[in-house]
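Residues per chain are reported as follows:
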Amino acid sequence: MTRWAMAIDLRACVGCQTCTTACRHANATPPGVQWRKVLDVEQGEFPDVKRTFVPVGCMHCSDPPCMHVCPSTATKQRPDGIVTIDYDLCIGCGYCAVACPYQARHIVHEREFAYDDAPSKSEDARFDEKRMSVATKCTWCVDRIDDGLAKGLKPGVDPEATPACVNSCIANAYTFGDLHDPESNVSKKVDSTEWFRMHEELGTDPHIFYVVDEK
Amino acid sequence: MAADVRKVPEYCYQCVAGPDLLQVKVEDGVATEIEPNFRAAEVHPGGGKCCVKAYGLVQKTYNPNRLRTPMKRTNPQKGRDHDPGFVPISWDEVFDIVAGKLNEIRAKGLIDEVGYPRVAASFGGGGTPTYYMGTFPAFLSAWGPVDFSFGSGQGVKCYHSEHLYGELWHRAFTVCPDTPTTRFVLSFGANSEASAGVVGVWRHAEGRMNRHLKRVQLEPHLSITGACSAEWVPLKPKTDAAFLFGMLHAILHEHPREALDIRFLKDHTGSPYLIGPNGFYLRDPASQKPLLWDGRRNAAVPYDTPDTDPALEGEFTLDALELGADGETWNHTGVRAETAFTKLVRHMEPYTPDWAEKICDIRPGTVRRITAEYLEHAQVGATVEIDGETLPLRPVAIILGKTVTNGWGGYECCWARTLIPCLVGALEVPGGTLGTTVRLNRPATSRQASVKKGREGFMEFPMNPTDKEHWAERPAVRNAHATLVPLSANSPWSTALGPTHLAWLFRDGSPEHWPEVTAPELWFVYRTNPAISFWDTTALTRRIADFPFTVAFAYTIDETNWMADVLLPEATDLESLQLIRIGGTKFIEQFWDHEGFALRQPAVKPQGEARDFTDLATELAARTGLLEKYNRAINRGAACAPLSGEGYDFQLATDQKHSAEAIWDHVCRAASAEVTGGAAQDGLDWFRSNGYRTRPISRLTWYLFRELRNQGIRFEMPFQERLYRHGVELGNRLHERGIQWWNTQLTEYQTLPACKDFPGIWEKDATLHAKGEEYPFWLVTTRSMQYAWGGNAGIQLMDEVSKNLRGHGGVVINTSTAERLGIQEGDLVEVRSYLHGTKGPAMLRQGIRPDTLLMIGQFDHWATPYAKDMKAPSMNSLVPMSIALTDATGSAADLVKVSVRRVAA
Chain H
36 MTRWAMAIDL RACVGCQTCT TACRHANATP PGVQWRKVLD VEQGEFPDVK RTFVPVGCMH
96 CSDPPCMHVC PSTATKQRPD GIVTIDYDLC IGCGYCAVAC PYQARHIVHE REFAYDDAPS
156 KSEDARFDEK RMSVATKCTW CVDRIDDGLA KGLKPGVDPE ATPACVNSCI ANAYTFGDLH
216 DPESNVSKKV DSTEWFRMHE ELGTDPHIFY VVDEK
Chain U
-7 MAADVRKVPE YCYQCVAGPD LLQVKVEDGV ATEIEPNFRA AEVHPGGGKC CVKAYGLVQK
53 TYNPNRLRTP MKRTNPQKGR DHDPGFVPIS WDEVFDIVAG KLNEIRAKGL IDEVGYPRVA
113 ASFGGGGTPT YYMGTFPAFL SAWGPVDFSF GSGQGVKCYH SEHLYGELWH RAFTVCPDTP
173 TTRFVLSFGA NSEASAGVVG VWRHAEGRMN RHLKRVQLEP HLSITGACSA EWVPLKPKTD
233 AAFLFGMLHA ILHEHPREAL DIRFLKDHTG SPYLIGPNGF YLRDPASQKP LLWDGRRNAA
293 VPYDTPDTDP ALEGEFTLDA LELGADGETW NHTGVRAETA FTKLVRHMEP YTPDWAEKIC
353 DIRPGTVRRI TAEYLEHAQV GATVEIDGET LPLRPVAIIL GKTVTNGWGG YECCWARTLI
413 PCLVGALEVP GGTLGTTVRL NRPATSRQAS VKKGREGFME FPMNPTDKEH WAERPAVRNA
473 HATLVPLSAN SPWSTALGPT HLAWLFRDGS PEHWPEVTAP ELWFVYRTNP AISFWDTTAL
533 TRRIADFPFT VAFAYTIDET NWMADVLLPE ATDLESLQLI RIGGTKFIEQ FWDHEGFALR
593 QPAVKPQGEA RDFTDLATEL AARTGLLEKY NRAINRGAAC APLSGEGYDF QLATDQKHSA
653 EAIWDHVCRA ASAEVTGGAA QDGLDWFRSN GYRTRPISRL TWYLFRELRN QGIRFEMPFQ
713 ERLYRHGVEL GNRLHERGIQ WWNTQLTEYQ TLPACKDFPG IWEKDATLHA KGEEYPFWLV
773 TTRSMQYAWG GNAGIQLMDE VSKNLRGHGG VVINTSTAER LGIQEGDLVE VRSYLHGTKG
833 PAMLRQGIRP DTLLMIGQFD HWATPYAKDM KAPSMNSLVP MSIALTDATG SAADLVKVSV
893 RRVAA
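Chains H and U, in that order, give the protein sequences. FYI, the numbering for the first sequence is 36 to 250, going by our numbering. FYI, the numbering for the second sequence is -7 to 897, going by our numbering.
Hints are computed from structural coordinates only; laboratory data are not their basis. For every residue, glycine included, the Cβ atom is placed at its ideal position computed from N, Cα and C. Take these hints with a grain of salt, some might be off.
Now the in silico label distances, taken between C-beta atoms and shown as ranges [claimed, not checked]:
{"#": "1", "chain 1": "H", "residue 1": "233", "chain 2": "U", "residue 2": "833", "range": "48 to 56 Å"}
{"#": "2", "chain 1": "U", "residue 1": "600", "chain 2": "H", "residue 2": "147", "range": "22 to 30 Å"}
{"#": "3", "chain 1": "U", "residue 1": "817", "chain 2": "H", "residue 2": "97", "range": "34 to 42 Å"}
{"#": "4", "chain 1": "U", "residue 1": "33", "chain 2": "H", "residue 2": "232", "range": "28 to 36 Å"}
{"#": "5", "chain 1": "H", "residue 1": "153", "chain 2": "U", "residue 2": "204", "range": "47 to 55 Å"}
{"#": "6", "chain 1": "H", "residue 1": "233", "chain 2": "U", "residue 2": "79", "range": "54 to 62 Å"}
{"#": "7", "chain 1": "U", "residue 1": "33", "chain 2": "H", "residue 2": "159", "range": "26 to 34 Å"}
{"#": "8", "chain 1": "H", "residue 1": "159", "chain 2": "U", "residue 2": "379", "range": "34 to 42 Å"}
Work out the full structure, taking the sequences as your base and the hints as a guide.
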């Protein structure tokens, strides 16, 4: 059984936010709604200071707290690990947004535009009424994955079947693929490196692996 | 679901690190998404990706603040406080106005009464506007003399000293590591991870992940690049030269000579040349070639004598000729002379690592430790084979950032940065420090082809003459680059690489014995906003307002075109046609294994009445009677590629107007023929579908050492006889005219530079103008990848995502310093220089020196829609333009002494 996972090599990430913008484009999220973004983290005291860039978003946890608190069963998990939201079922209560330890969920109640009070042509072309007043988050570009698989493509290898953030990364920091396939890019990356998972102590079994060094 | 979905190949060249190859998704005629051109990964050294800026192009296209029709000014009064009263007019009317003005000028003569071109033009962003202005360069070529003196930041916000000295020493308009091969990089303030584009980021990340590439970042604040480095050394601003000099001392005085590449120094540099008592090379009286001491013959011989063993060090007795400045000569008999290397060793003696560390205000031991690491990584003696040729392998590199290479100290830093690699044979070899491209030397298309051997055994360089007969006494352009800066040469780029702030500065009054600097009668501006991006922007805005007639090719209203007379809306990035060259080697880290061409094309229809820039240029040419010259310029190659070559001829008929499509179809056909050796002649339609066309090139073209070795040419290191001679002569010329205000600049012309108190120059300048105030902090800036300078400051998406990174839109201040001053995160603070003040929210960070403040981006816009609401601080209004802060190359550094205090919101 496939288990999709993502590895992000923090040695490579430069915090450029190209993945943030690529996600905004691919998923047509409104201004301020970033399903993927890169944090700028500083540790230490002058002059012994470290600064690290950490891409974050939905971790597609194996035990997702957002799903457990969802009163409408809108949030589900597919067998391949992707956590989904059914917009037809979501009531926008926001429990999931509170429960998520990764602050990965967003709810928008009013349309917002890049400029002024009116949509541009591109904003109009991509507007989806179903996304109003419901929880939204990173889907790992599930439509690309499913459409790509249907065409015989390999997610994480073929761009058409790969999440936009992975495709866009100018540092090649992202790896995506099937963690249960030992030959996949992501398995090889995880097997050959030292990594951590965010808030692993919470027991959510998140599936973004942050690579910090070679093994 | 959209009925019609297309993906259209494009390029993005919003910054100098481009081009990025991308594709735009168009749904039912509306551009909706940007994504990489995945196919381009086969040729593009950055995996075919495009950077964050490219994703702003959809919003740029549909920005409601765009100008959609031509406009003309109705308020004759110009200035920040005078609403221009722009009203829409037709294209016919705007062409009538502009062509009428141009024809009026042409009738009077192209040069004004003082001797300057009556037409001036300013373009921003390191030449990037040329990748969007279609055939306008052909129009300018057809027009005749145009003054490009009025800069928008050139000389003060570029790698200016590096441009000039870099091209002199190793055809390096800019410098970068041979990143795919190097193992150790010393980066003095070069913010590569924010400014080296996709290719730079891609290559460095690969090195960090897969090859243990270690980079040490030396700079006053922990930049993006510092964050991605193995170590951050928080140098005091403008002390980089001291660190580098400390390294030189350590290498020459504390390590055995075996650590150096002695063969490289003897055979490929001027190190063994003998120096005369007057500071010039000792020469063979017959050939006038510099002499070295040959250990085999035990005699002085010309440098290019075969089968010698040059003495690297020592003092010798010989008879020789010494050629000074302005033809002065000395015939020496039995003169004692040291080698250049011996002089260097003695020269560096005082600059100990302990001395450097005090100046730099860093932890003791740092200079020695890093020097040792550099030498260890250099692998002196290692070689590598590339395409059948054996080259030295030296995986160590040193790179410099903008404020390091600009202004006082730039010469010393560039000299040391070039010399240290020479000591270990790491200049222009695999793994080492490389130049990227040429802009002053010719031909511009090939660093290798620009290499010609001079009499001294070094590369020829097109210095502006300083001898009595040929010196350009009367400046031909307003920044006087050919008169004041011999190193700026006289290529089409030279005007923009001269002291561009002098043109603005002298508009307020020329210094003694200097001609009046007149206003241009017509000024073209495109993709540039000097009223925001240059210095002393308050005064500069007034100077712009003094220009009698300004023609702005405009996207939105901005602070510069606020003073324009007419606005011409151009079809922007995703709406217009242009073919450009790609590949080869180019700044910032564009090192390809391919070369060729890429197309930008209309993915969507232009908004409003915006027109393709090529059509604008053609119409102006037709209405000014320049059509034939304009078409001839295009035929010669002014629009990307010559339209004829061996086995092909796609030249345009010169007596007719051609549409943009027709022109670019001809260019595409010629490009296809050029890149395939005549095998293909595909035109615009082919490029529309395929986006780009390339051919493979040898990686040997990356390394200039090979060309020098083949021609028997040496790197002009360490001794700078040529520069010194030109400096003496320039001083003579200026003093003959009674000019004394350039005297400090003349002191930069030294054979072996001394390390001066460079921070003290700024400190003294602040004290001189302080009027009782104290300015205890340094204010510096840094690059942001999200912003192409300020050119996309009006794009909401860039504003939004840049805020994920700490520092944008505020004043970064050390946490302890802030506590001492009672400043908390988010407090409104005022930062003041002796010139002006600016305000912004405090952003507290540990990753900055306690004596330094940082502002990222300089976006205190007051007219540009959206950007004017950002209310961001800007150092540009705080930094003075002054001769005192201008170095000999005509550059000055983005640096100023300031105070900071909390103020009421």
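We went through each hint and held it up to the structure:
| no. | hint | verdict |
| --- | --- | --- |
| 1 | H/233 - U/833: 48 to 56 Å | violated (29 Å) |
| 2 | U/600 - H/147: 22 to 30 Å | holds (25 Å) |
| 3 | U/817 - H/97: 34 to 42 Å | holds (37 Å) |
| 4 | U/33 - H/232: 28 to 36 Å | holds (30 Å) |
| 5 | H/153 - U/204: 47 to 55 Å | holds (53 Å) |
| 6 | H/233 - U/79: 54 to 62 Å | holds (57 Å) |
| 7 | U/33 - H/159: 26 to 34 Å | holds (33 Å) |
| 8 | H/159 - U/379: 34 to 42 Å | violated (54 Å) |
Comparing the model with each earlier hint shows violations of hints 1 and 8; every other hint is respected.
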